[in-house]
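Heads up: the sequence lines are chains A and B, in that order.
Counting along the first sequence from 1, when you hit position 78 you're at 78 in full-length UniProt numbering, and nothing is skipped either side.
Counting along the second sequence from 1, when you hit position 147 you're at 147 in full-length UniProt numbering, and nothing is skipped either side.
Any given hint could be a false lead.
Label pairs and their calculated CB-CB ranges [as the list claims (entries may be wrong)]:
no., chain 1, residue 1, chain 2, residue 2, range
1, A, G202, B, A11, 51 to 57 Å
2, B, R72, A, G34, 55 to 61 Å
3, A, S5, B, K170, 55 to 61 Å
4, B, K178, A, A18, 30 to 36 Å
5, A, P181, B, V152, 51 to 57 Å
6, A, E35, B, D68, 51 to 57 Å
7, A, A18, B, G86, 43 to 49 Å
8, A, P181, B, K184, 57 to 63 Å
9, B, G105, A, A11, 36 to 42 Å
10, A, M1, B, F167, 34 to 40 Å
11, A, R133, B, A11, 36 to 42 Å
12, B, L114, A, K178, 43 to 49 Å
13, A, E35, B, V152, 35 to 41 Å
14, B, V152, A, K2, 51 to 57 Å
Just so you know, the hints here were simulated from the structure itself, not pulled from any lab data.
Quantities reported herein were computed from a predicted structural model and do not represent experimental measurements.
Cβ atoms here follow ideal geometry from the backbone N, Cα and C, with glycine treated the same way.
Each chain, letter by letter, is given below.
There are 2 protein chains.
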Amino acid sequence: MKLLSPEELEARLRQIGAERYHRNHPFHHRLHGGECSKAEVQAWALNRYYYQSMIPIKDASLIARCDDPDVRREWRSRLSDHDGDGMGPDDGGIARWLKLTDGLGLDRDYVASLRGLLPGTRFAVDAYVHFVREKTLLEAIASSLTELFSPVIISERVAGMLANYDFVTKETLSYFDKRPPQAKKDSDFALDYVKRNAKTPGDQQAVLAALEFKCGVLWSMLDALAYAYVSPGHIPPGAFVPEGK
Amino acid sequence: MKLLSPEELEARLRQIGAERYHRNHPFHHRLHGGECSKAEVQAWALNRYYYQSMIPIKDASLIARCDDPDVRREWRSRLSDHDGDGMGPDDGGIARWLKLTDGLGLDRDYVASLRGLLPGTRFAVDAYVHFVREKTLLEAIASSLTELFSPVIISERVAGMLANYDFVTKETLSYFDKRPPQAKKDSDFALDYVKRNAKTPGDQQAVLAALEFKCGVLWSMLDALAYAYVSPGHIPPGAFVPEGK
Chain A
1 MKLLSPEELE ARLRQIGAER YHRNHPFHHR LHGGECSKAE VQAWALNRYY YQSMIPIKDA
61 SLIARCDDPD VRREWRSRLS DHDGDGMGPD DGGIARWLKL TDGLGLDRDY VASLRGLLPG
121 TRFAVDAYVH FVREKTLLEA IASSLTELFS PVIISERVAG MLANYDFVTK ETLSYFDKRP
181 PQAKKDSDFA LDYVKRNAKT PGDQQAVLAA LEFKCGVLWS MLDALAYAYV SPGHIPPGAF
241 VPEGK
Chain B
1 MKLLSPEELE ARLRQIGAER YHRNHPFHHR LHGGECSKAE VQAWALNRYY YQSMIPIKDA
61 SLIARCDDPD VRREWRSRLS DHDGDGMGPD DGGIARWLKL TDGLGLDRDY VASLRGLLPG
121 TRFAVDAYVH FVREKTLLEA IASSLTELFS PVIISERVAG MLANYDFVTK ETLSYFDKRP
181 PQAKKDSDFA LDYVKRNAKT PGDQQAVLAA LEFKCGVLWS MLDALAYAYV SPGHIPPGAF
241 VPEGK
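Turn these sequences into a full structure, and let the hints guide you.
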């Protein structure tokens, strides 16, 4: 292992994204390509809700272990992005995700109860929260870097879903309107942080491994979803059963 | 919620096993029914190795938070069951699992490195360890109760694999010889413990939920395996690729 320049480190991070980000997952292609049944889109949104709902807990866990007020202050905007500011109608990310599950005809209380969640979704999301709590701050910050790649996947997803599903409207997908600029701002900060703070080859390997780990979180959520809900479908005991299944 | 008698609680636990234990998973049927390719059996053994290797860490985590010397002493036998006693050839469960992966033609260092592990396997197993560390001692003990059901699945697995796969021998499967009596002893103790110590309806619901959780751990490991390795197979980036794939 040799020490990489900050630019080399960034190139290696982007390479991991090109190879491992869930944009390459068969379920993503299926979703934006219009091949999903409504039941599959419902199951995707219901399971992804748990990821959305745990993001502020993940981010607060990171702030809670950070002794640099500048980083804490910067990271705090992620909390309001997802939890809203409590003034007027709730326009935080979690509330907007529930508009998506509403629009797909899912009962809001059922979604929020998490009763229908796939175990694989729960374990992947919880692994992310535990990672942020237990690894170094540098690794915790690096694990957020999948946001470097999210503006592209969001644009594919929104355009593809609007074009291909008559049960999806621009209103339903409003969650995604605000995310690309937020993700850009957040990932610019996190990328700059890891480039400045990964000062040894060991640090740099840990940063790269953190991004690989996080890609595995997102990827395995789609694995679980596809195995359970794409025909022939093997829904685990207790998980969401779409109407007519 | 009303308070169940100890016998009613046991009946509810056995009902959960009947409905949710991974004996019902399509991959279990495939494995013991002789439908798996050698590559699938390799992938099963390689992924399951991580579960085996973390069991003593799970059990030590439980002992570490238990203030009753009688329970600690009883639980300690699980450590030697899996880690061996260090006298003579290592006959602990982990060493015997590596004989299985050896027998299937997998490189021992590669298996133990965990480099080829599916993310879904890692997250499920880690969820189990975190559960035992973070929930109440009663729930931690209850989560071990899948062992109530393991003698049956082991007998199906061993008989089916010996009958159906020419690359499997009795020697290769020696891991399973010792497990049924160990599992019987361990689960008798744990069942008696939860029946005596779950004294409120809330305790009893937590015990039932702990067993459902643990069934989800084992089930989602087979979900991840089947999605990745059963034809057409969607192997995630970085995971074990069998020869010829």
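Structure-inconsistent hints, enumerated in ascending order
Going through the list in order, the structure violates hints 4, 12 and respects the others.
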